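S.K.: Take a look at the letters that make up each chain.
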Amino acid sequence: MAGLTPASLTADAPAPAVAAPRKNRPTSPWQEAWRRFRRHRLAVASGVVLLLLIAAVTLGPFIWPVAINEIDFTAKLQGPSWAHPLGTDDLGQDLLARLIYGGRISLAVGLAAMVVAVVVGVVVGALAGMSAGWVDAALMWLTDLFLALPLLPLLLLLMYLFRDHFKRLFGVEGGAFILIVVVIGGLRWMQVARLVRAQFLSLREKEFVEAARALGASKLRLVVGHILPNALGPVIVAGTIDVAAAIIAESTLSFLGLGFPSDIPTWGSVLRDAKDYLDIAPHWALFPGAAIFLAVITINFMGDGLRDALDPRRVL
Amino acid sequence: MSKMEATKDGALLSVSDLRKHFAVKGGVLSRVVDKVHAVDGVSFDIAAGETLGLVGESGCGKSTTGRCILRLIEPSSGEIWFEGADVTKMDATALRALRRDMQIIFQDPYASLNPRLTVGAIVGEALTIHNLVKSRRAHEERVVQLLETVGLQADHMRRFPHEFSGGQRQRIGIARALAVEPKLIVCDEPVSALDVSIQAQVINLLEDLQEQFGLTYLFIAHDLSVVEHISTRIAVMYLGRVVEIAPARDLYDTPLHPYSEALLSAVPIPDPTVKRQRIMLQGDVPNPINPPSGCHFHTRCPIAKPDCATRVPELRESRPGHWVSCHYRG
Chain V
3 MAGLTPASLT ADAPAPAVAA PRKNRPTSPW QEAWRRFRRH RLAVASGVVL
53 LLLIAAVTLG PFIWPVAINE IDFTAKLQGP SWAHPLGTDD LGQDLLARLI
103 YGGRISLAVG LAAMVVAVVV GVVVGALAGM SAGWVDAALM WLTDLFLALP
153 LLPLLLLLMY LFRDHFKRLF GVEGGAFILI VVVIGGLRWM QVARLVRAQF
203 LSLREKEFVE AARALGASKL RLVVGHILPN ALGPVIVAGT IDVAAAIIAE
253 STLSFLGLGF PSDIPTWGSV LRDAKDYLDI APHWALFPGA AIFLAVITIN
303 FMGDGLRDAL DPRRVL
Chain A
1481 MSKMEATKDG ALLSVSDLRK HFAVKGGVLS RVVDKVHAVD GVSFDIAAGE
1531 TLGLVGESGC GKSTTGRCIL RLIEPSSGEI WFEGADVTKM DATALRALRR
1581 DMQIIFQDPY ASLNPRLTVG AIVGEALTIH NLVKSRRAHE ERVVQLLETV
1631 GLQADHMRRF PHEFSGGQRQ RIGIARALAV EPKLIVCDEP VSALDVSIQA
1681 QVINLLEDLQ EQFGLTYLFI AHDLSVVEHI STRIAVMYLG RVVEIAPARD
1731 LYDTPLHPYS EALLSAVPIP DPTVKRQRIM LQGDVPNPIN PPSGCHFHTR
1781 CPIAKPDCAT RVPELRESRP GHWVSCHYRG
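Residue numbers (the numbering used here), protein chains in the order written: chain V, 3 to 318; chain A, 1481 to 1810.
In case anyone wonders, no lab produced these hints; they're calculated from the structure. Please note that a few of the clues may not be correct.
Claimed, not checked - Once the Cα atoms are required to be at most 27 Å apart in a straight line, the calculated BS3-like pairs of lysine-lysine come out as:
1) A:K1515 <-> A:K1569
2) A:K1663 <-> V:K208
3) A:K1569 <-> V:K221
4) A:K1505 <-> V:K221
5) V:K221 <-> V:K208
6) A:K1663 <-> A:K1614
7) V:K208 <-> A:K1515
8) A:K1569 <-> A:K1663
9) V:K221 <-> A:K1614
10) A:K1569 <-> V:K208
11) A:K1505 <-> V:K208
12) A:K1505 <-> A:K1515
13) V:K221 <-> A:K1663
Small disclaimer: the values here were computed from a predicted structure and weren't measured.
So here's chain V without its partners, still in its complex pose:
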């Protein structure tokens, strides 16, 4: 039976067990999710660390105004010191400044690639979920096709083929950024598309969607107002994991020398430059590695927290 709450004799009084739980203020499902997220200690701690990381890379250049390409051979391959808190590389360049600059690129690539993946995934998934029949079949066939592609070789091939073209169009850094974001995002939308389609298939049969149809709502209104907002939970979780995966993908590309040009530091390219000096200057590889690790793991923990917070079946 649905009416498990104590039956109030007059319907005018709000049901005591359900309404007005703590404050007398209405709580939206998103506020409720935020409350649940805050109870997830690991996720909250991760969020704080990630915010610190983001603050460090955005505000860092103002606090540590050292040029990223200032070559000083007298101070090459030095370990951490007061002059160079994270040490220097083989050209005597300050690693802290390079990691701050590289962090901006790595995190920006992660976020932008996630946005591309989520937007493409939501559009494909929503189209497939709303249109039954051959459109749905064709789109899911396309999704399966993309899922079957070997990611890394394709990534390398695309970068190799289009790098110069994009460099001419958008400049050295801008071209590389756009190409990397599009390629990584364009190869990671499939999970989101499947999730969104599955959500749409179940949500569009729900009675509240039927009620909106009975009111005369247009298809666009059904999708934007009723189905999509209720399908977003899993998409947000998948999106956070996409950020982490995109950061790793960018690092991999840079490590293999097909990401940003070598004079532009990213976490991955610093790691690549460091690999030949692992025995004499381990700090050089350690710090960018730690930065990647920290960013990815905190984002994944936040994804865990969001998944729990957005899952109404879990009691928190």
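With the hints as your guide, set chain A onto chain V.
M.R.: Then chain A, alone, in the frame of chain V:
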């Protein structure tokens, strides 16, 4: 009451030979291998201002009938006449206009409200869709008015559905349906999911609203005592067909069809001293993919004769206003 003698001309809604077959797909190529005969030739009229109760077991096609009338499900064949127009042939524009005249109230008050919208947004959505109010002020005033009409308060409009009990949610669903000032409301088991004490409140509310706004109801339910209370006339469905239609009192006092008889004998009497002969039907409802030949009920009918398996009984008027489809009764 003259309402009871609903004819094709005087009826607000007239359904004739409505059918809905769902395709069962199978195999590698998703070919149609079978059809579920959910609604298999249903005809009835509803006069303006009356309540037609539609009863039957789960899966007999009651809800499908209701949804076909609103074109939430596309009927396979048949005609649905509403105010001089055939609903089954309406294009998108006409259908949009029809939404203002016909509404639906759902069974599950938890699934029927969008959890991400405030009550105000849910109730007021129709006002936006059909441009029924001029300003935001008027919009809000109308929402408050609707909430108060169904016994809720103005400050409930900023709350979310999960903050309400089942009965209150059902009131929200009713307010949403009333927003367009409809003429006909299809009530799809509106109280089946509620506590008994709340059921009475919601039923009384529906009756008050009917009186206040001159509403016409198609009241779908499987609980006969609820239907008896609210209905002017009752139609009994079995396996996609109407087996009996009669004024409510008539059906309860003298049911003609053996299936109606069996259904009514299952209604509990709130008096332990009264003993009643219960008619136990044998077996289960047959599979609607492959319904029995002739009279659908002959496999379970206590008075079935051999020719019931071959001849399909017509719905015929055995007494004024009392229609039954049985070869041997009435």
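S.K.: Next, verify each hint and record whether it holds.
M.R.: Hint check results:
At most 27 Å may separate the alpha-carbon atoms for a hinted pair to count; K1515 (chain A) and K1569 (chain A) meet this at roughly 23 Å. Between the alpha carbons of K1663 (chain A) and K208 (chain V) the distance comes to roughly 25 Å, so the proposed pair stays at or under 27 Å and holds. Annotation: proposed proximity of K1569 (chain A) to K221 (chain V) holds, straight-line Cα distance about 20 Å (limit 27 Å). Between K1505 (chain A) and K221 (chain V) the CA atoms are separated by roughly 26 Å; this keeps the pair inside 27 Å, and the hint holds.
Between K221 (chain V) and K208 (chain V) the CA atoms are separated by roughly 15 Å; this keeps the pair inside 27 Å, and the hint holds. Annotation: proposed proximity of K1663 (chain A) to K1614 (chain A) holds, straight-line Cα distance about 23 Å (limit 27 Å). Distance check on the hinted pair: K208 (chain V) and K1515 (chain A) sit about 23 Å apart at the alpha-carbon level, within 27 Å; holds. Between K1569 (chain A) and K1663 (chain A), the direct Cα distance comes to roughly 20 Å. Compliance with the 27 Å bound is thereby established for this hinted pair.
Restraint check: the Cα-Cα separation between K221 (chain V) and K1614 (chain A) comes to about 24 Å, which is no more than 27 Å; the hinted pair holds. Note on K1569 (chain A) and K208 (chain V): the hinted pairing holds, with a Cα-Cα distance of about 26 Å set against a maximum of 27 Å. At most 27 Å may separate the alpha-carbon atoms for a hinted pair to count; K1505 (chain A) and K208 (chain V) meet this at roughly 22 Å. For the hint linking K1505 (chain A) to K1515 (chain A), the alpha-carbon distance of about 9 Å falls within 27 Å, and the restraint holds.
Between K221 (chain V) and K1663 (chain A) the alpha-carbon distance is near 25 Å, which keeps this suggested pair within the 27 Å criterion.
Taken one by one, the earlier hints all hold for this structure without exception.
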